[in-house]
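**Student:** Construct the entire structure; sequences and hints are all you get.
Listed below are the residues making up each chain.
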Amino acid sequence: MYRPQYKYKRTFIGSIPSDADLYNALSKIVIEEDIRIGKITAIGAVTNAVIGYFDQNKKEYIKIELNSGFEILSCIGNVSVREGKSFVHAHIILGNKEGKVFGGHLMPGTKVFACEVFIEEYSGEDLVREKDSTTDLYLWKNKDLV
Amino acid sequence: MYRPQYKYKRTFIGSIPSDADLYNALSKIVIEEDIRIGKITAIGAVTNAVIGYFDQNKKEYIKIELNSGFEILSCIGNVSVREGKSFVHAHIILGNKEGKVFGGHLMPGTKVFACEVFIEEYSGEDLVREKDSTTDLYLWKNKDLV
Amino acid sequence: MYRPQYKYKRTFIGSIPSDADLYNALSKIVIEEDIRIGKITAIGAVTNAVIGYFDQNKKEYIKIELNSGFEILSCIGNVSVREGKSFVHAHIILGNKEGKVFGGHLMPGTKVFACEVFIEEYSGEDLVREKDSTTDLYLWKNKDLV
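Chains as they are written, first to last, in my numbering: chain A, 29 to 174; chain B, 29 to 174; chain C, 29 to 174.
Among the hints, erroneous ones may be present.
Treat identical chains as interchangeable: a pair holds within one or across any two.
Said to hold, decoys possible - Pairs of lysine to aspartate or glutamate, EDC-like flavour, derived with a Cα cap of 16 Å:
#: 1; residue 1: K128; residue 2: D47
#: 2; residue 1: K37; residue 2: E149
#: 3; residue 1: K159; residue 2: D172
#: 4; residue 1: K35; residue 2: E149
#: 5; residue 1: K169; residue 2: E158
#: 6; residue 1: K113; residue 2: E60
#: 7; residue 1: K139; residue 2: E93
#: 8; residue 1: K125; residue 2: D83
#: 9; residue 1: K128; residue 2: D83
#: 10; residue 1: K91; residue 2: E126
#: 11; residue 1: K56; residue 2: D172
#: 12; residue 1: K159; residue 2: E88
None of these hints come from the bench; they were simulated from the model.
Remember, it's a predicted structure, so these values are computed and weren't measured experimentally.
**Tutor:** Dropping the structure here:
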C-alpha cells in the first residue's frame, strides 16, 4: 500500500513564557509561521492544567481541571490542517510534588510556568482533519498507515 | 570513544485506524517499508491495553491488561533489527477519564480507537538486537554511548 | 516576531549500559561530542530513580527518591548551553509492575538497567541558559516563541 512520506524542513526551538496559555501559544506559533505539517515536543512546568479525556461511548470530551503546579513531564503532539488552518493536537503528562502523574488531551486554559518547545516542520502532502464517522473525532483523511 | 551516528532519511506520518492492534500495526509498517533504523512517536486513544513490566530479578515480563478506553498520552519507541527483521520496541503511557495515568512496554493486544503516528527513518549502521547476558533482554550489540 | 530556527545535523543512537547513572551518562555524551543544541528521547528501564519537582512558590527543587525497578516509559529533554558547557535538561516518566506511573525532573542518582537513546543534534544560534528572575530557573535567554 501507499504510505504518506514526508521530508524534514526545519525546527523551531524556544520558550513559552510564564503565564502564557500553552495550547493557545502553540497554536499562535504554528499559524503565524504557517507550519502545516509538524511534530511538537515540550517539557517544562505549568501553574495549572486543563486536560481532556475523550469518552469513546458518548463521543465527547470530558474536561479535567487540575488546580496546582505541575512539571510538564511530556507534551507531544502534531500540527496538521483543520478548516484550512494550521491546527495543534497535543497530549500532556504532568507530575506533582510527590512524583504522581496525571495527563490528558491538552486544552486551552493550561498556564505555563516555564516551557521549552521543539517544533519540527516537514514538507509533503497536507494532513487534513475531517470529521470521522466512526469516532466523531476530526482525523486525518486518507492517511492510514495500515 | 566512538559513538554511533546516523543521518535522517524520511518520515512516515499517518493514522492507525480503529480496531487495529497497535503493536502489530507498527510492526507491519516497519517490516513492509523495510525501515531498519527508526524512531516512533504517537498520540491517540485505545479501547483497551496490554502492557508489560520487566521484572529485573526474575528476568521476565509481567503482563498487565487494562480493559477500558484510554488516551494515548505518549507512545515512543524505536525500530532496529532482531533476527534479521525490522523490530519495534515501544513504551506507552495512558490516561483515563479522571486523568490518572498507567503505562508500560507496548504489547500485542492493545486496540486502537484512533492513533496518529510519526516514524522517522535514519540511515547508518544497523542496530542489531542480541540477547544480553546481564539483563536477559535483547539489546543493541556494540552500540554503547558511554 | 522573530522565532529561532534550527537545522537538523545528525543523530546519535545507542545504549546506556546497566549500572550507569542516566543523567551523568547523558551529560558525558553531550559534553564529549560538543553537542550544543539537541533533543533527547529515550526508553528503557532503571533499577531506582531520583527525580525532582520544582516548588514554584519556594523556588527550589524537591527531591523524590524511588527505590525499586521501573520501566522508563519516556525520557525526553534537550541540550543547550549553561556556563559555556553543553547541558542536559530532561524529564522522566516511570512505570512499575502494576502499571502505575511516576515522574519528574531527571536528577543524578538514577541508575540504568537498560536504556535506548536518540540524541538529535541541530545547528543554529546557541540556546544559552541564564537565571530567570521570574522563576529562579536557568532558562533560555531571548528565545521566546510568543
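**Student:** Give a verdict on every hint.
**Tutor:** So, going through the hints one by one against the coordinates:
{"no.": "1", "hint": "K128 with D47", "verdict": "neither (23 Å within a copy, 25 Å between copies)"}
{"no.": "2", "hint": "K37 with E149", "verdict": "both (5 Å within a copy, 15 Å between copies)"}
{"no.": "3", "hint": "K159 with D172", "verdict": "within (15 Å within a copy, 34 Å between copies)"}
{"no.": "4", "hint": "K35 with E149", "verdict": "both (9 Å within a copy, 10 Å between copies)"}
{"no.": "5", "hint": "K169 with E158", "verdict": "within (6 Å within a copy, 39 Å between copies)"}
{"no.": "6", "hint": "K113 with E60", "verdict": "within (10 Å within a copy, 33 Å between copies)"}
{"no.": "7", "hint": "K139 with E93", "verdict": "within (12 Å within a copy, 28 Å between copies)"}
{"no.": "8", "hint": "K125 with D83", "verdict": "between (29 Å within a copy, 7 Å between copies)"}
{"no.": "9", "hint": "K128 with D83", "verdict": "between (23 Å within a copy, 14 Å between copies)"}
{"no.": "10", "hint": "K91 with E126", "verdict": "between (23 Å within a copy, 9 Å between copies)"}
{"no.": "11", "hint": "K56 with D172", "verdict": "between (28 Å within a copy, 13 Å between copies)"}
{"no.": "12", "hint": "K159 with E88", "verdict": "within (13 Å within a copy, 43 Å between copies)"}
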